[in-house]
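Asker: In case you want the letters, here they are:
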Amino acid sequence: MEARRTKNIAALVWFVGLILAWECGAWVLQNVMHDSMHMQKLPYFHQVAGTFLVNFNSLLASAMVTLSRAFIGFILGAVVGVAVAIVMSLAKFVGKMLFPYLIISQMIPVLALAPIVYSIVKSQDAARIMLSAFITFFPVAVNMYSGLKSVDKDKIELVYSYTATKIDTYCKLMIPAALPHLFSGLKLSAPAAITAAILVEMLGTKEGIGIKILNSLYYGANGALIFWASVIMAALLGIFGYAVIAFIEKLVVHWEKGDREEGVS
Amino acid sequence: MNKIAKFMGLLVALSLVIGLVAGCGNSNSDSADNGKKLTSVRLQLKWLPSAQFMGFYYAKEKGYYAEEGIDVDFIPGGPDIVATNQVSVGAAEFGIANLYSILPFEEQGHPITEVGQIFQKSSFMLVSKKDKGINSPKDLAGKKVGAWLGTAEYPIYALLDKYGLNKDKDLMLVKQDNSMDAFLNGSIDVASAHTYNEYLVLLESGLAASDLNVIDLEQEGSGMLEDCLIANTEWLANNPEVAAKFMRATMRGWAEACKDPEGATEIVWKYLDHSSNNKAHQLAFAKEIAKLVMPQGITTDKICYLDEKSIKATEDLALKYKIIKKLPEKVYDKQPWEQAAKSLQ
Amino acid sequence: MQRSGNLVNGIIAVMFGILFIFCWQVGGFHVLLQLKPYQLPLPTDIAGALYSNFDVVMENTKFTMCEALVGIFLGSILGFMFAMLTAIFPKWGSGGLTLVTAFNAVPMIAMAPIMNNWFGMGMSSKIAVVTMFSMAPMAINTYRGLTVLKPFTLDLLNSYAADKKTIFLKLRLPNSVPNVLTALKINTTIGLMAAICSEFFTSYHGIGFELSTVLKLSQMSLGWAYIVAAALCGILMYGVVSLVEYYALKWHTSQQ
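Residue numbers (our numbering), protein chains in the order written: chain E, 1 to 265; chain Z, 1001 to 1345; chain R, 2001 to 2256.
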């Protein structure tokens, strides 16, 4: 209980400190350096917060649209990522074989991929979901794969000697043992899924956080505050995604707690 | 095993919740179709929804498309999408793109054809702050010049050529993004601008027209034709009637929108995200667009006119600057426009 | 044994690649997915474009690699430091870790213009973007490595009455080595991607600068030549980190 309270206080201190640093930075930029671009570089936090609150409904509506897109992409990407990792660890040579190509796949920008994806699936929505899943699956696959690889050899042999089937080995040992790694991957992928959804909005859409950002850049000075408010909204979405995964992790992976120690705190 | 089941259960529950949220968000996108069977047509816009496309929005809101039995779906564009590609693969029947940038696609055999020239003249200009002393295109030498590379650099090449400047040696071309920030913070000396948005953005940023030097590429004779209406060739061959009807409604929409920029802005406003847009800016935007679509005394039946001479001029520049190696067999198809224009006279 | 196994795997991977490119060349993918050569160019066309533009491609690749490497280096160090501080002061650090994650959630299309405004249109703004995006993978992974310890190791050290400093240096830090290397691997890919993406905005050289330009003009072969260059860089960086990992982990197991 006590530890929890100090943790909350610490979080509060960080939050307040960040805002103070932001305000000071904006003040210095405006009044000491007399930067003509201060609105674009770093506007006052209170101004951004004001804009955020005034436009909250609109921002939230856009955020929901982006979030739902991100979620579908995330689920698909995570499922594909886990599947790829399991296949790669099941057959070692597949793993070694596929890995370089996974990296290559990440180097193809959406701009080059879009005409190909669109000519395969003509539907706007399907193409978008495919693209955001494509961006999301990589960190999940990498972490899950390294998790599966890191399971102790003697443990595998032990379980194998008891049950003898590969499926059992995976269900009872490998996957649970890889879960912590999987969650590290998911924690990185959750914010990545949000940015992927926003990137896919660059293909053009009616609503979304990305559209707000794009509009405010395109229409210049009027947009600086709503730009920053949208950026904050996007970051909040990312933190939300991270927090949801962290919460699920706590529910699912509590056996790892045993290894974690209280020594330091 | 139990842990995994729990994990999966949580995932399912979460997906249901978010699915519900998403479902609510999308429920209003289905348009009501009152008994009459409308032909669905998709129009891929060149960029984000704005007054740049006001004629199309106007025609839709005033029911011109519905009168022709057409239901148009506007697909917004963005920086990562090339409208020409979308029309080529059949993700949209119609699209809007710069004339000179569709030429390489046509050359390679993409099934696209121009069916109407929306902007009758170029809106392209190069702006610089007075203190940079760029009074004539010759003064561009040694400067950092922002260009929208990949979409709008060729008019600049044509201009430089006219004044005997080498684009690789005599100045530095910089890729300009969708904002004017690089110009405002002094990273670049000269910026590309359209009369209808970027120039207005500069004025709204506190610069006066007298603070700026402007090189108007249309006046310099290096302007190339911009927004044109393109169609998927295969679709066009099968649906010539629908295309003609679409053209007619589009021309009426543009004619009315250009005569009434205020009304058009109100209509466009319905399609925009309000918190990141500004109505006054859209109105100024609309007024500039009107000048490009209906320059002095053009009548409704001359809107989107495919002027062979000015198209030829753009083609020649495209050949000269190696956008294309040889002229595509068929750049444009006058059929739908002629059919539409005849009934509008 | 291990060596020859790696060699066999390497050969298999290359064979797979050759088969893949062969299918691509003879039009297998184009038939299967109903693509046209102007949507996905053939490998020979890409190779041709790469050959005839080799100098330009190399020149631009050099810039992008520089941005990615410096950015990854800075970002990884910052991320590592954040993780270390969080492990030493867990109560105060977790807020910082959240903050780093929040940076990671700022979309590229916003981060790149902000950094361009701050650092100009040259390489420094791209390096800043890469730094921002390679911080979180390192911080999260390292933090895991520093805190999730093998069972009983901590009890053992505690029973020796080891002080915090010793525990940190002798147990936590070595324990985090595999995680740091995993993070580095992720960062090579993320960093290169971030460098390329940030060049899509105001810029005057680099893979992303050229790539976005030629793709919009439908010069697909040249565009894919740049993608090939980027992919090779990605594989190269990944390979180097893997090699380091191979030797480091050998040392790592021998230390325990």
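To be clear, the hints were calculated from the coordinates, so they are not data collected in a lab.
Since the structure is predicted, the reported quantities are computational estimates derived from the model, not experimental observations.
Every residue, glycine too, gets a C-beta built ideally from N, C-alpha and C.
Please note that the accuracy of each hint is not assured.
The calculated DMTMM-like cross-link candidates involving lysine to aspartate or glutamate, where the alpha carbons are at most 25 Å apart (straight line), are [claimed, not checked]:
| # | chain 1 | residue 1 | chain 2 | residue 2 |
| --- | --- | --- | --- | --- |
| 1 | E | Lys122 | Z | Glu1241 |
| 2 | Z | Lys1144 | R | Asp2155 |
| 3 | R | Lys2091 | R | Asp2045 |
| 4 | Z | Lys1169 | Z | Glu1204 |
| 5 | R | Lys2036 | Z | Glu1107 |
| 6 | Z | Lys1322 | Z | Glu1338 |
| 7 | Z | Lys1342 | Z | Asp1168 |
| 8 | Z | Lys1143 | R | Glu2245 |
| 9 | E | Lys92 | R | Glu2245 |
| 10 | Z | Lys1167 | R | Glu2059 |
| 11 | Z | Lys1130 | Z | Glu1107 |
| 12 | Z | Lys1322 | R | Glu2245 |
To be clear about the criterion: a stretch of chain Z counts as covered by chain R if any three or more of its residues have a C-beta under 8 Å from a C-beta of chain R, and this derived list gives those stretches [unchecked claim]:
| # | segment |
| --- | --- |
| 13 | 1092 to 1106 |
| 14 | 1142 to 1151 |
| 15 | 1168 to 1180 |
Asker: Count the residues of the segment 1142 to 1151 of chain Z whose Cβ falls closer than 8 Å to any Cβ of chain R, and tell me whether that reaches three.
Answerer: holds (count 4)
Asker: Would you check the hint for Lys122 of chain E and Glu1241 of chain Z, treating anything up to 25 Å between C-alpha atoms as holding?
Answerer: holds (24 Å)
Asker: Assess, step by step, whether the Cα of Lys1144 of chain Z is no farther than 25 Å from the Cα of Asp2155 of chain R, and give holds or violated.
Answerer: Judged against 25 Å, a Cα distance of about 64 Å means the pair is violated.
Asker: Does Lys1322 of chain Z pair with Glu2245 of chain R here, judged by a C-alpha cut-off of 25 Å?
Answerer: With a Cα-Cα distance of about 49 Å, the restraint between Lys1322 of chain Z and Glu2245 of chain R is violated, given a limit of 25 Å.
Asker: Compare the distance between the alpha carbons of Lys1167 of chain Z and Glu2059 of chain R with 25 Å, and conclude whether the hinted pair is satisfied.
Answerer: Holds: Lys1167 of chain Z and Glu2059 of chain R sit about 18 Å apart, inside 25 Å.
Asker: Run the distance test for Lys1169 of chain Z versus Glu1204 of chain Z: straight-line Cα separation, threshold 25 Å.
Answerer: violated (34 Å)
Asker: With a C-beta cutoff of 8 Å, work out whether three or more residues of the segment 1092 to 1106 of chain Z approach chain R closely enough for the coverage to hold.
Answerer: With 3 residues closer than 8 Å to chain R, the segment 1092 to 1106 of chain Z meets the three-residue bar; holds.
Asker: If you draw a straight line from the CA of Lys1143 of chain Z to the CA of Glu2245 of chain R, is it 25 Å or shorter?
Answerer: violated (48 Å)
Asker: Quickly compare the C-alpha distance for Lys1342 of chain Z and Asp1168 of chain Z to 25 Å and report which way the hint goes.
Answerer: violated (48 Å)
Asker: Would you check the hint for Lys2091 of chain R and Asp2045 of chain R, treating anything up to 25 Å between C-alpha atoms as holding?
Answerer: Answer violated: Lys2091 of chain R to Asp2045 of chain R is near 57 Å, above 25 Å.
Asker: Are three or more residues of the segment 1168 to 1180 of chain Z within 8 Å, CB to CB, of chain R?
Answerer: Since 7 is at least three, the answer is holds.
Asker: Just to be careful, I want the Cα atoms of Lys1322 of chain Z and Glu1338 of chain Z compared with a cutoff of 25 Å; is the pair within it?
Answerer: violated (31 Å)
In terms of the numbered hints stated before, the structure departs from hints 2, 3, 4, 6, 7, 8, 11, 12, listed from lowest to highest.
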